[in-house]
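A.B. asks: Let the hints inform the model, and build the full structure from the sequences given.
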Amino acid sequence: MKILQRIFAFLSSYGLSIVLLLLMMVLVFFGTLEQTRLGLFETQRRYFESLVVVHPVFGWFPLPLPGGYLLLALVFVNMLFGAIVRAPKRWRRPGLLIAHGGVLYLIVAGFVAYTYAINGNLPLYEGDSGSRFQSYYEWEIRIYEMAPDSEGRVFIIPQDEFEDVGDTGRVFYHQALPLELRVARYYPNCRPAPSRDAWSVDGVTLSPLPKDSTAEQNVPGVFVSLHQPGQEAAPSEPGILWGMERGPWRMLAEGREYAFALRRREWELPFTLTLEQFNHETHPGTTMPSHFSSEIVLQEGDAKRDVLIRMNEPLRHRGYTFYQASWGPTDAQPGDPLYSVLAVTRNPAGQWPMYASFIISFGLLLHFGQALLRYLRQQSGVPSDAHKR
Amino acid sequence: MRQRVLLLFVCAGLCFTSALQAESALPGPPPDWPGEVVDLFATLPVLDGGRVKPLDTVARFTLLRLNGRRSLRVEYDGGTARLTPIEWYLDCLFFPETAMHYRHFSVETSDVIVALGLQPHGRKRDRYSYSHIAPGRERLMELANEASRLPDERRDFMDRQLIALANNVLAFEGLAAFMEIARERFVVADNLLLAGAFPDREEVRISDIAAETPDFLTRLTASAHQLDDSEREALARDMQRFFGQLDRVAHDGNLLALIPPADHDDPQWMTPASVLEAAFEPEKVATAPIHMLELLEAMVTPLPDKNAFAVKAAAFHEAVTGLAEARGEYARIPLEVTYYRGRFFFLSQWLFLFAFIMTAFSWALPQSRRLAALLNLSLAPPLVLLAIGITLRCIIRGRPPVTNVYETILFTTLVAAALGFSVEFINRRRIAMSMGALLGMLGMFFASRYEARGGMDTMPAVIAVLDTNFWLATHVTTIIAGYGAGLFGAALAHVYIFGRLLGINNVPRRFYAELGRVIYGVTCFCLVFTLIGTVLGGVWAAQSWGRFWGWDPKENGALLIVLWALAMMHAKRGGYLRHGGIAVSAVVLGMIIVFAWWGVNALGVGLHSYGFVSGAWRGLIIFWLLQSIVTLAGLAALTRPVKT
Chain C
1 MKILQRIFAF LSSYGLSIVL LLLMMVLVFF GTLEQTRLGL FETQRRYFES
51 LVVVHPVFGW FPLPLPGGYL LLALVFVNML FGAIVRAPKR WRRPGLLIAH
101 GGVLYLIVAG FVAYTYAING NLPLYEGDSG SRFQSYYEWE IRIYEMAPDS
151 EGRVFIIPQD EFEDVGDTGR VFYHQALPLE LRVARYYPNC RPAPSRDAWS
201 VDGVTLSPLP KDSTAEQNVP GVFVSLHQPG QEAAPSEPGI LWGMERGPWR
251 MLAEGREYAF ALRRREWELP FTLTLEQFNH ETHPGTTMPS HFSSEIVLQE
301 GDAKRDVLIR MNEPLRHRGY TFYQASWGPT DAQPGDPLYS VLAVTRNPAG
351 QWPMYASFII SFGLLLHFGQ ALLRYLRQQS GVPSDAHKR
Chain V
1001 MRQRVLLLFV CAGLCFTSAL QAESALPGPP PDWPGEVVDL FATLPVLDGG
1051 RVKPLDTVAR FTLLRLNGRR SLRVEYDGGT ARLTPIEWYL DCLFFPETAM
1101 HYRHFSVETS DVIVALGLQP HGRKRDRYSY SHIAPGRERL MELANEASRL
1151 PDERRDFMDR QLIALANNVL AFEGLAAFME IARERFVVAD NLLLAGAFPD
1201 REEVRISDIA AETPDFLTRL TASAHQLDDS EREALARDMQ RFFGQLDRVA
1251 HDGNLLALIP PADHDDPQWM TPASVLEAAF EPEKVATAPI HMLELLEAMV
1301 TPLPDKNAFA VKAAAFHEAV TGLAEARGEY ARIPLEVTYY RGRFFFLSQW
1351 LFLFAFIMTA FSWALPQSRR LAALLNLSLA PPLVLLAIGI TLRCIIRGRP
1401 PVTNVYETIL FTTLVAAALG FSVEFINRRR IAMSMGALLG MLGMFFASRY
1451 EARGGMDTMP AVIAVLDTNF WLATHVTTII AGYGAGLFGA ALAHVYIFGR
1501 LLGINNVPRR FYAELGRVIY GVTCFCLVFT LIGTVLGGVW AAQSWGRFWG
1551 WDPKENGALL IVLWALAMMH AKRGGYLRHG GIAVSAVVLG MIIVFAWWGV
1601 NALGVGLHSY GFVSGAWRGL IIFWLLQSIV TLAGLAALTR PVKT
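One line per chain: the protein sequences are C and V, in this order. Once you know that position 329 of the first sequence is 329 in this note's numbering, the rest is easy, because the numbers rise by one and skip nothing. Once you know that position 292 of the second sequence is 1292 in this note's numbering, the rest is easy, because the numbers rise by one and skip nothing.
None of these hints come from the bench; they were simulated from the model. Quick reminder that beta carbons are idealized off the backbone N, C-alpha and C, glycines included. There's no promise every hint is true.
Here are some, though not all, of the chain C residues that point toward chain V, as calculated from beta-carbon distances under 8 angstroms [what the hints assert, rightly or not]:
no. : residue
1   : 14
2   : 17
3   : 25
4   : 38
5   : 40
6   : 195
7   : 283
8   : 314
9   : 321
10  : 334
11  : 338
12  : 341
13  : 357
14  : 359
15  : 375
16  : 379
Label-pair distances were calculated between CB atoms; the ranges are [as the list claims (entries may be wrong)]:
no. : chain 1 : residue 1 : chain 2 : residue 2 : range
17  : V       : 1335      : C       : 372       : 36 to 44 angstroms
18  : V       : 1027      : C       : 334       : 46 to 54 angstroms
19  : V       : 1138      : C       : 203       : 52 to 60 angstroms
20  : V       : 1343      : C       : 276       : 47 to 55 angstroms
21  : C       : 57        : V       : 1498      : 43 to 51 angstroms
22  : C       : 276       : V       : 1138      : 53 to 61 angstroms
C.D. replies: The structure is reproduced here in structure tokens:
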């Protein structure tokens, strides 16, 4: 029992809060500096979404630090015990209680967003429609059943099932497929290159590249081979899948054609968006953009409505949010067709941070308002509860 | 063309110079513009950098860029004169042969002049005139071209100086040649095309050409079959010559977009050259404001008679402002001129200094509440001036107070100084007001330096993502208020630390404890504003591009402030820090604020790219080193006994 009390006392202590806050500071500071070297995506993954990170101080001295995920979890526990459960004088200082409650809510919102949110984008040329959006960073292997005599099904292997296959590879199968697919040697960023080594296929292999600091720029590739179900040892048909291939790799199996491709992960939308027109204006006499907007038609079943998406004014519909992200081609001449890129997110905690912010702000203003009044009263000689302590 | 015109002037100037053997080759005082002319041109609206602004503003920042100062000293035989930016600008436009002798090119090192094969003045850092630099112009352009081919991070001081000087020389040449479009005369007899179009004229001007030639060309095309081969050939040759000349003039006339289009939906103002071009385009000719070219020509004709010029200038001004008013683009022009002429920030800077000196003297005097109250009032005038300046900027642009880096300096200064003023009412120890005055002075000085270094309009058009007054007003101003408070707290902490370090104990009882409490209170203020500002930024980001937090460097900078202030607060409550510890931590908070404010911008990554600053590292590192020393000194001071 005593041990439990001591653990509780430790977890709810000011000392722990201070250490956690300082560790978070150090982590954020290094995580900011590292962005110049690693880029945002990689830094975020290594520093802020991790349990532990080893930071090279001055580029060589390895300093192990708790990662953002671990720190926030500890902060949550510390705050829950220290500021809510065991808070001294909590009813006389409701501001602090409210503010800390708001921060807890914010951390929960962050956790929900980290776990469940989907982020992607939907590029549309003027006149085009789209009912799917694609991931920035995640890829998948797709196997299409080809027409004419097929059901047109698509089989998908998500990235986290093949990104760690190594040289030996891993075999994927499905009862509806008359073949099995071995996937090996996944490169997160690579390009095809002529070669005659053991892995090359028809004189071409994949040449790995260092990861780009802008994660969207990485183009992955992977080596695959096909064989009859259950006959892994038998001779197989080798192939290469690369993210930027113009067309898929086509193969015949049992008289039916299949196509294989490595593509950005996609999600289906329960409605369709059509880009009627993209507008962009610049400040007169300059090339500095002043406004972008996409005139969109949203179609759901038979119902259609017009929508205007522009900077700072996204479209929210059925849990999805569409933001004006970018456009192109930037060197378009007047009259050329333009495309608009809409950033798409589905985040169950979408508005929670805003509510949490209001709660925190209210709590702090209440608390410091009270504190200021107390101080002023004390200055003017009126006794206050500060003296009674 | 512009270069050719100037070279002519230069040749004339060089003969003159060699005769005088001195560079201050101005034989007499610079042109003396009547006040009304200066006012007319100051309030002339121009479209520049994406917004309509007074010519006065354009002139100010052009001169600042070239000269590094907001006015120009001109030496001439028999005296010196000080020119305002608009007077200098008018000289460049209308008397380029005089302006080319003005020493308005600020050169940081005479090595640049030596590199051009020229004789520098005696001092390392000095100002040069166009006539001095002209013989090395070709060399300058070659060297600057080479330097600009290097990637930015590989350019050294010399490269930057060469590029800057080349740009400034080009800017001056552009100015000097701009009015050529109004001055240019075409001799009719020289050219078959003109002879056909203007049979009874000896010479014509651009407005005549814009009005008559397009029609004549149409008629000519229709009747071309009546000409024989040799006539056609001669005509073609003359036409080519004519259009070549027209092209050159048009090129010079593109500098200033000072003609509002009659079509209210067209945001693009016209330059004299674009009016000329429109006259030759069938779909635009009907609306081309050719009469504006006539007004410009009428204006330059009477020169150097400045009184006759004034009458014509008024006519041009009236025509332009009439059109601009009809488009709703003139209303704030006179206000902007007033804003700059008011020199609110300049006055504020010196009044802050005055206030600081007053308070500093008063430390030697015995403690008197009345004296303290009176002295504190000396902070009011510079504060009011600063507030008026900021308010005028808001009105002129229709924007909240902070939309760019320059304005963050103004607003941070306002908050810090205003806190000094208000805290003095709570804690009458003459410390808060002194620090308020000191920060006010430093902030205004820094703002002025920053403006001079950039030499660019500090009220530019805002980029698309910032086009939301609500979030600018809430997120940005709260964050900046937090910066101001934190820096004020850090300044108070310096007093605490040095007071204790130097063993200043002839102070009232509980002085340090009280000061520590004030520092703590100000830190709380900083925390509340930074925290609310940061989450508001998150909410804006969530609204605009779908994520509350993106680990963007600027966001992280604000988060660092929040985390440190929170750590201070918890340490105080947990009994780990007392007044001294709070003071030392407040100095560190100041260092973190400077990192969030300037350091992350200098990193050069992230979304907040409206505020990248280059070459700021040296200053930043010096600041952090000094503050680290203060922090260490603070830790040492904590070991000294204190009167409580």
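A.B. asks: Hint check: is the beta carbon of residue 283 of chain C less than 8 angstroms from a beta carbon of chain V?
C.D. replies: Holds, because the Cβ-Cβ distance from residue 283 of chain C to chain V comes to roughly 3 angstroms (cut-off 8 angstroms).
A.B. asks: Using the nearest Cβ pair, does residue 314 of chain C come within less than 8 angstroms of chain V?
C.D. replies: This interface hint holds because 7 angstroms falls under the 8 angstroms limit.
A.B. asks: Given residue 359 of chain C as an interface hint, is the shortest Cβ-Cβ distance to chain V below 8 angstroms?
C.D. replies: 10 angstroms, violated
A.B. asks: Are residue 379 of chain C and chain V close enough, Cβ to Cβ, to be under 8 angstroms, as the hint says?
C.D. replies: With Cβ-Cβ at 6 angstroms, under 8 angstroms, it holds.
A.B. asks: Tell me if residue 17 of chain C is really an interface residue toward chain V, meaning its C-beta lies closer than 8 angstroms to one of theirs.
C.D. replies: 5 angstroms, holds
A.B. asks: Using the Cβ atoms, figure out if residue 1027 of chain V sits within 46 to 54 angstroms of residue 334 of chain C.
C.D. replies: Between residue 1027 of chain V and residue 334 of chain C, where Cβ atoms are some 53 angstroms apart, the hint holds.
A.B. asks: Is 47 to 55 angstroms a correct range for the gap between the Cβ atoms of residue 1343 of chain V and residue 276 of chain C?
C.D. replies: 51 angstroms, holds
A.B. asks: For the hint on residue 375 of chain C, just tell me whether its beta-carbon gets within less than 8 angstroms of chain V.
C.D. replies: OK, holds: residue 375 of chain C within 8 angstroms of chain V, min 7 angstroms.
A.B. asks: Do the beta carbons of residue 276 of chain C and residue 1138 of chain V sit within 53 to 61 angstroms of each other?
C.D. replies: 54 angstroms, holds
A.B. asks: For the hint on residue 357 of chain C, just tell me whether its beta-carbon gets within less than 8 angstroms of chain V.
C.D. replies: 4 angstroms, holds
A.B. asks: At a threshold of 8 angstroms, is the proposed contact between residue 195 of chain C and chain V supported by beta-carbon distances?
C.D. replies: 33 angstroms, violated
A.B. asks: Would the hint on residue 38 of chain C be counted as holding, given a Cβ-Cβ threshold of 8 angstroms to chain V?
C.D. replies: 10 angstroms, violated
Hints 4, 6, 10, 11, 12, 14 and 21 from the list above are not met by this structure, while the remaining hints are.
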